[in-house]
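S.K.: The listed protein sequences derive, respectively, from chains A and B.
The numbers in this note's numbering rise by one with no breaks, and the one at position 108 of the first sequence is 108.
The numbers in this note's numbering rise by one with no breaks, and the one at position 171 of the second sequence is 1171.
Please keep in mind that the hints were generated in silico from the structure rather than gathered at the bench.
These numbers come from a predicted model, not from an experiment.
It is possible that some hints are incorrect.
[Stated by the list, open to error] Once the Cα atoms are required to be at most 30 Å apart in a straight line, the calculated BS3-like pairs of lysine-lysine come out as:
(1) K49(A) to K1230(B)
(2) K49(A) to K1097(B)
(3) K64(A) to K1311(B)
(4) K99(A) to K1064(B)
(5) K1020(B) to K49(A)
[What the hints assert, rightly or not] Label-pair ranges, simulated between beta-carbon atoms:
(6) K64(A) to Q1241(B): 47 to 53 Å
(7) S1212(B) to P31(A): 37 to 43 Å
(8) E17(A) to E1011(B): 33 to 39 Å
Glycine included, each C-beta is placed from N, C-alpha and C at the ideal position.
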Amino acid sequence: MLTLTCPCCGVSGEETEFHAGGEAHLKRYGPGSSDNDFEGYLFMRENPKGVHFERWRHVYGCGKWFLAARCTATLEVFGTYPAQTTEPPQDIKDKITAKRPGWSWRDFA
Amino acid sequence: MRYNAWQIFKEAFTGQTGWKPVWRDPEPKKEYDIVLIGGGGHGLSTAYYLAKNHGLTNIAVLEKGYIGSGNIGRNTTIVRANYFLPGNSEFYSHSLKLWEGLESDLNYNVMHSQRGLINLFHSDGQRDAFVRRGNAMINQGDDAVLLDRDGVRQHLPYIDFDNVRFPVYGGLLHPRGGTARHDAVAWGYARGADQRGVDLIQNCEVTGIDISNGKVTGVQTSRGPIRAKKVAMVAAGRSGQVAAMAGMRLPIESHVLQAFVTEGLKPVIDHVVSFGMGHFYISQSDKGGLVFGGDLDFYSSYAQRGNLPMKEHVMEAAMTLMPMIGKAKVLRSWGGIMDMSPDGSPIIDRTHVDGLFVNCGWNYGGFKAVPASGWAYAHLIATGKPHDTAARYRLDRFTTGRGIMDEEGTGSQHNLH
Ligand SMILES: Cc1cc2nc3c(=O)[nH]c(=O)nc-3n(C[C@H](O)[C@H](O)[C@H](O)COP(=O)(O)OP(=O)(O)OC[C@H]3O[C@@H](n4cnc5c(N)ncnc54)[C@H](O)[C@@H]3O)c2cc1C
Ligand SMILES: [Zn+2]
Chain A
1 MLTLTCPCCG VSGEETEFHA GGEAHLKRYG PGSSDNDFEG YLFMRENPKG VHFERWRHVY
61 GCGKWFLAAR CTATLEVFGT YPAQTTEPPQ DIKDKITAKR PGWSWRDFA
Chain B
1001 MRYNAWQIFK EAFTGQTGWK PVWRDPEPKK EYDIVLIGGG GHGLSTAYYL AKNHGLTNIA
1061 VLEKGYIGSG NIGRNTTIVR ANYFLPGNSE FYSHSLKLWE GLESDLNYNV MHSQRGLINL
1121 FHSDGQRDAF VRRGNAMINQ GDDAVLLDRD GVRQHLPYID FDNVRFPVYG GLLHPRGGTA
1181 RHDAVAWGYA RGADQRGVDL IQNCEVTGID ISNGKVTGVQ TSRGPIRAKK VAMVAAGRSG
1241 QVAAMAGMRL PIESHVLQAF VTEGLKPVID HVVSFGMGHF YISQSDKGGL VFGGDLDFYS
1301 SYAQRGNLPM KEHVMEAAMT LMPMIGKAKV LRSWGGIMDM SPDGSPIIDR THVDGLFVNC
1361 GWNYGGFKAV PASGWAYAHL IATGKPHDTA ARYRLDRFTT GRGIMDEEGT GSQHNLH
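Pulled out of the complex, with its shape left as it was, chain B reads as follows (with noise of 0.2 Å):
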């Protein structure tokens, strides 16, 4: 079913009876000539660009959940471009450039919204960054505004501007920043790659990948074994796990990012905004809820819940902003596990094995990534050579120590980006 305007009404004329499911729940067939482990954002978009870029339909994702039940479901949401270290830089915007178009492609409604996002500075050396950093996303094509004082008050009234701490001396707006509705993400893929005839298979749990003679030849399930000419991990927070399947060790480690979401308001922040001393960011949902977010919990963790300290640090760093905020009630927070790489920047490339590949090290950016992973992902499975803006995403990167992408500039310290 294509949806538009018209189904809309005759659905309203007939009691919404005819919306239909909308991808089907096959059975595992013993044979496809891609499987891809872990129906996330990331494997939803691979599976649907091998589809449409590539012409590969017998393709089965599966998925040891169900579909929307990891990271991106449980994000905040955050779609940008606005990284400067070559590599990142062009890969963003790919990514940003897909997200404009992601809507009528998949004619599904993500509910993409380009509400600008605001860094705040608080000292000049961190304008110059902020400079800097704006450059050079100009130089990639992409937009960047610097804001005074008075020109981050006309965004954003409402927040502190005289913090003894942390004075409010200015702000990088990236107007094409914004947010997106995530679970309808996955959805949006998810029937795309289906109505292309891939196979997604949920409640399915990987528990063995098979290699013979340094190719793989399929995997082991809890649904049964797969045979498949190609194997791709995209596992997100359980790279680790799934990668030592294969006898891999990857330079990846597991941490929990909480986030939090009050109860719904009248529309108040218009944009999303970050405040980096803080280690905090915020924007409204279109139902209403203030979502924001801080740091890492520090210790590594797969316990899709965080521990109490991060939380009193996030809702501190809030009043420390707008203080307003105090007034807003909790509704809810949950933790998602991020795979944490040593330099921040992620992996997409071959593994020593024959037709096993690898894309994890997210960290926790990567919901704006999904459409450009997707792509790149696709990309290198079909034709077996890595896409241009993905390029620099080598996994041999830490052995040669060439192509290190520390976009912070924190050093080799998994939970520091």
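Okay, chain A solo, but in the shape it has when bound (with noise of 0.2 Å):
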């Protein structure tokens, strides 16, 4: 069972308060786009095993969504951060680093 706390309440809950919404930080392409880039937002996913960055709902809660960094291999769930942002914060990415020296992630490390 996976437990996440909810950045935008506070709220600590277990997986079956959240719902899974896929990766996180996707550059969004639409019209005039190139076909490439408009593949890699829709269909192309960086599918590690290991460090991963993903979007969750707080769909019992307060229904915001937020930003969880989780290990794919372990399901360890590393920290939460608000969606209003293109990387992960610092702190996240330190407690990464202690529990997986050398991890990165497109170009986040």
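Combine both chains into one complex, guided by the hints.
M.R.: What follows is the structure in structure tokens.
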């Protein structure tokens, strides 16, 4: 069972209180973009075995979207942070580094 | 050794001492014509049809664990041809025909049992959708029978017809659908490939793919480098990791799917029953265990075990559909890592690297595809051209947007198919 803390309302809960929303920090490409950019946005995924950044929604709570850092191999949640950012905050990165030295995900490390 | 009734009698009288290992355990050679990455159902069937249909035998199947350790030994064994989109329809139809001749072709008992599959529906809208699906199946040359409520009752007297949320309106019966013994499918193809000279190399993890001047030249493995003229990836839930070795990103996300089995019971469920509204399906194994499952855990995972919420959900759905199941005790549960594609349909194609091929995106339906996938992949690897039945499983459909096959109409969400 995953335990997540919603950074919007501060409530901690089991995964049944939340809903997973897939990969985080996707850059949105729309009309006028190249086929490759649009494909990347719509279909391509990092799909790492290990550190992963993803979207969650506090569906049975405040209803807000937020982001989480999680390990897809051990299912450990490293931390959560607000969705209004294009990059994981430094304290989350530090927490991951302490547990997974040398990790990287897209351009983040 | 060919298996037949005489062998069984002979062994019965000679203390069962004459059975031999079913495949060799060879050392990897320095070079092969073709290397397949992944010794699951699809890798083994590909090797078998490369040898049988195309006469190519200088082949190695490299498996990081043991044969049968992946999804081929973890699935719930349903075999069916009830798709309706062009592309999927002809492919799964071909697969079911191969299943029907598989045991005599392989000389191996895969316990293929066409016990009939029933998809239940619970509203007029759902009935219409199943009528359409059934017509598509019949047009493809397969079989489908629309059952009304009483028709379902004759087959499945034990389900709760009057559930307030999901009253049973009827069902779509696919008489040729059924199950097969999953391990035996791996073993049968492994034996057939080995007998034709294919090297099955277990405990051999591929750690790198060698490419020079845009052409594949071999692989790096935990048992040393192996040169190859052609390399074919067929690693199911690990497809993303393997493709990354060739600098490729795939439109794939890996998710865990769980399954459950009860203690052995007397025969009670004769069909495969699918209760879509509860995301639940069930059949009974020949050993007597009730084998059932539900949905993905919804967040991406490489852990070959699932979490508790989906377990609870599946048990609730089981109780909703057939309250009698509450008396059965669950014996085991497990998980397998699924290569989920954005449209729920697979990929069998070349890549941008000369001599490198990709086969992935089987979602939770790749067991029934094992024969036809191997057949089509072998054709592609041997001839360089896609097989007619799999011509629409192109990798570039996601770039061009042409030919996306979203069978369930759920949109480009990997975890929804
Ligand atoms: C719980 C569950 C229920 C399912 N139910 C059904 C069902 O009822 N009907 C149906 O049609 N389908 C079902 N499926 C789906 C089906 O099992 C899969 O789609 C199918 O087995 C995948 O293909 P495969 O057999 O080749 O995979 P696998 O057996 O997983 O083969 C891939 C192999 O590649 C190996 N590998 C990975 N990386 C490397 C590497 N770097 N080097 C060497 N080897 C590597 C792995 O060890 C593995 O053995 C189910 C799956 C699960 C988990
Ligand atoms: Zn909240």
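S.K.: If a hint holds in the structure, say so; if it does not, say that too.
M.R.: How the hints compare with the structure:
1. Between K49(A) and K1230(B), the direct Cα distance comes to roughly 26 Å. Compliance with the 30 Å bound is thereby established for this hinted pair.
2. As the CA atoms of K49(A) and K1097(B) are separated by approximately 37 Å, the hinted pair breaks the 30 Å bound.
3. Restraint check for K64(A) and K1311(B): the C-alpha separation of about 26 Å stays at or below 30 Å, so the hint holds.
4. A C-alpha spacing of about 26 Å is found between K99(A) and K1064(B), which places the hinted pair at or below 30 Å, so the restraint holds.
5. Annotation: proposed proximity of K1020(B) to K49(A) is violated, straight-line Cα distance about 39 Å (limit 30 Å).
6. Between K64(A) and Q1241(B) the C-beta distance comes to about 33 Å, which lies outside the given range of 47 to 53 Å.
7. Distance hint check: the CB atoms of S1212(B) and P31(A) are about 40 Å apart, consistent with the given range 37 to 43 Å.
8. Distance hint check: the CB atoms of E17(A) and E1011(B) are about 58 Å apart, inconsistent with the given range 33 to 39 Å.
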